[in-house]
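Residues per chain are reported as follows:
Number of protein chains: 2
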Amino acid sequence: MATIDVPEQVSVLADAEALRKACKGWGTDEKAIISVLGHRNAVQRKQIRLAYEDLYQEDLIKRLESELSGDFEKAVYRWILDPADRDAVLANVAIKKLSPDHHVIVEISCTRSPEELLAVRRAYQARYKHSLEEDDLRPSEIAPTSIDITTSNRGGQSDSGGLRSSRHIKEVKGCRSLVPEMLSDDQLLVALVSAFRYDGEEINTRVANSEAKILHEAVKDKEFNHEEIIRILSTRSKMQLMATFNRYRDDHGTTITKNLEGDSGDEFLKTLRATIRCLNDPKKYFEKVLRNSIRRVGTDEDALTRVIVTRAEKDLKDIKELYYKRNSVPLDQAVAKDTTGDYKALLLTLLGKED
Amino acid sequence: MATIDVPEQVSVLADAEALRKACKGWGTDEKAIISVLGHRNAVQRKQIRLAYEDLYQEDLIKRLESELSGDFEKAVYRWILDPADRDAVLANVAIKKLSPDHHVIVEISCTRSPEELLAVRRAYQARYKHSLEEDDLRPSEIAPTSIDITTSNRGGQSDSGGLRSSRHIKEVKGCRSLVPEMLSDDQLLVALVSAFRYDGEEINTRVANSEAKILHEAVKDKEFNHEEIIRILSTRSKMQLMATFNRYRDDHGTTITKNLEGDSGDEFLKTLRATIRCLNDPKKYFEKVLRNSIRRVGTDEDALTRVIVTRAEKDLKDIKELYYKRNSVPLDQAVAKDTTGDYKALLLTLLGKED
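Read top to bottom, the protein sequences are chains S and X.
Here UniProt numbering is used: the first residue of the first sequence is 1, the next is one more, and so on.
Here UniProt numbering is used: the first residue of the second sequence is 1, the next is one more, and so on.
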């Protein structure tokens with residue numbers, strides 16, 4: 001269940017006017033911005049943007065970006081976007097990081113519904129003029145080997161970063177354009193992003209049995225990046241995978257994620273565990289992301305904002321309950337302790353705090 | 001351009017009545033069926049089906065199936081379906097063959113637009129209750145290794161066939177549930193089916209240069225099933241790939257498909273060539289499928305029907321022109337020579353012959 005509190009009657013025009021007033025003149029009325037946007041759902045926020053543009057011939061998002069700053073600006077920006085467009089932005093930011101954040105890609109690929117993931121891929125292409133899958137393979141790192149370094153006609157977007165960049169650098173340095181062994185982290189991510197899983201209820205018990213066996217063989221032999229693991233995790237429906245993971249536990253007395261614990265420095269293993277947790281129990285996964293984002297020395301605002309903003313209209317109420325059970329502290333209390341100012345006020349509003 | 005000839009004014013009700021009349025009583029009026037359905041586009045055919053069901057509480061498709069037979073029945077059945085649903089059926093038939101027909105999967109994945117391919121994947125799931133990608137990996141062949149052979153709850157659909165079946169059999173016989181070396185035919189097909197390419201105009205010249213080089217290295221070293229080839233062919237936009245293939249030809253004085261000719265018994269190489277031809281010049285590809293389907297001793301009706309039915313509303317006019325240029329015989333003449341009866345009459349109608 002959702003946490004945001006939306007009034008029964010909403011006037012999109014009045015909202016646009018209130019936001020204009022909050023932005024006008026000296027200083028900005030952040031409280032007014034929160035009290036409007038923090039209580040509107042995705043459809044309403046979109047209507048407000050359209051009404052605002054109609055009334056004032058100005059892009060509301062750009063205006064807010066110029067008025068606000070820091071974590072608060074980031075959170076407002078993420079919140080106001082359409083969910084699919086927001087995921088496209090989150091994925092792009094994660095990929096472009098100096099050390100790309102694979103967990104965000106896994107999270108978006110595996111916790112959204114098949115149709116939602118398609119919408120993200122569509123939004124990504126509309127925004128960045130190439131596919132999300134291609135951004136696993138950014139071109140700039142291989143440029144030094146090419147003869148003609150013509151500037152591409154892609155306006156604005158950066159060519160740096162990318163999930164596969166370190167590999168391409170390796171290839172270039174090794175004076176060989178092809179590396180025979182696979183780096184399956186890329187392969188796993190591309191397969192997860194490309195998935196369009198069957199979303200129905202029907203499962204096949206026989207497949208669950210045989211694939212639990214295949215997974216166990218691979219895990220036992222420490223062949224974590226085996227093609228079969230990637231194939232199973234990226235093509236099977238979520239219901240089917242739950243049956244397979246249950247079978248695994250029944251047959252071997254322990255969960256597959258437990259069996260995958262080990263070398264904490266192994267990035268592929270980490271990505272694999274996140275994948276299984278996102279597919280098997282997304283709410284539990286999100287609880288853990290929140291817990292880690294707060295528990296760290298120095299809050300991880302990116303993760304905190306991401307989970308609250310993306311789940312507030314979905315299942316944040318359930319995630320809050322899990323958080324309380326696991327940590328014996330209410331989530332809003334933990335968030336309030338770790339954040340300040342308008343940023344704190346927005347997060348607490350999205351968490352369902354009454355004004 | 002399309003070949004079918006659709007009148008400006010169409011009455012869906014009158015069409016439904018005409019079809020009912022054609023099916024009623026002793027014998028069937030095949031000519032009447034062709035003169036209605038052969039001159040209606042996909043939207044109209046759908047409306048006719050709905051109107052027919054409304055009027056007579058009977059499924060038009062089922063009725064036609066019971067009235068017709070042979071190649072004519074198959075062609076009518078394929079023609080009357082929604083294009084996405086038809087592709088789902090074609091893909092399923094191709095996969096379930098004793099020796100699966102990979103070319104059909106390549107054709108559907110690479111000649112349809114990204115949104116059309118998504119519609120096919122959606123239709124496939126609605127029809128078969130699992131994803132098209134999963135059918136690369138049919139479960140029944142691995143069943144002998146599993147302990148509990150509980151019957152699955154999937155009604156109706158067959159568990160046999162599948163693109164990966166031969167491999168799974170190999171695994172079972174080899175008493176090893178994982179085969180370390182990759183069979184990239186499967187990998188290529190799954191990647192192509194999962195593709196959701198950027199469909200815009202923007203291309204990156206630098207990428208074209210560097211990837212033409214990567215492709216050439218792989219081809220030179222005969223590493224045809226290299227991960228990089230699959231990655232490039234399954235993620236890049238068609239415009240981008242055309243630029244890459246052009247660059248390849250400019251740099252090396254020959255096309256990549258020419259460089260891929262060789263061992264005619266190599267199935268992977270064949271699939272790879274079909275992929276590149278479908279992506280680079282689909283009309284030319286379809287002309288060749290038609291040519292081969294007619295030229296054979298014993299016409300290949302499946303291929304002939306498939307191309308005519310799937311292209312009649314799209315680009316069959318252009319394909320006809322290519323056919324004439326290449327063979328110095330008009331396509332309808334060649335089709336008329338190789339087919340008979342109602343089947344021949346339907347194909348010629350779809351090819352735009354005036355009644």
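I should point out that these hints are in silico values taken from the structure, not numbers from a laboratory.
In this text, all values refer to a predicted model and were calculated from it rather than measured experimentally.
Hints should not be assumed to be uniformly reliable.
A pair counts as met if it fits within one copy or between any two copies, since identical chains are not told apart.
[Said to hold, decoys possible] With a straight-line cut-off of 30 Å between C-alpha atoms, the simulated BS3-like cross-links for lysine-lysine are:
| hint | residue 1 | residue 2 |
| --- | --- | --- |
| 1 | K213 | K129 |
| 2 | K314 | K129 |
| 3 | K337 | K258 |
| 4 | K353 | K96 |
We went through each hint and held it up to the structure:
In the homo-oligomer, the alpha carbons of K213 and K129 lie at most 30 Å apart only across protomers (23 Å), although the nearest pairing inside one protomer, at 42 Å, exceeds that limit. Both within a single protomer and between protomers do K314 and K129 lie at most 30 Å apart by alpha-carbon distance, with minima of 29 Å and 26 Å respectively. In the homo-oligomer, the alpha carbons of K337 and K258 never lie at most 30 Å apart, since the shortest distance is 32 Å inside one protomer and 67 Å across protomers. Taking the closest pair of Cα atoms, K353 and K96 never come within 30 Å of each other, the shortest separation being 34 Å inside a single copy and 56 Å across copies.
Checked against the numbered hints given earlier, the structure breaks hints 3 and 4 and satisfies all the rest.
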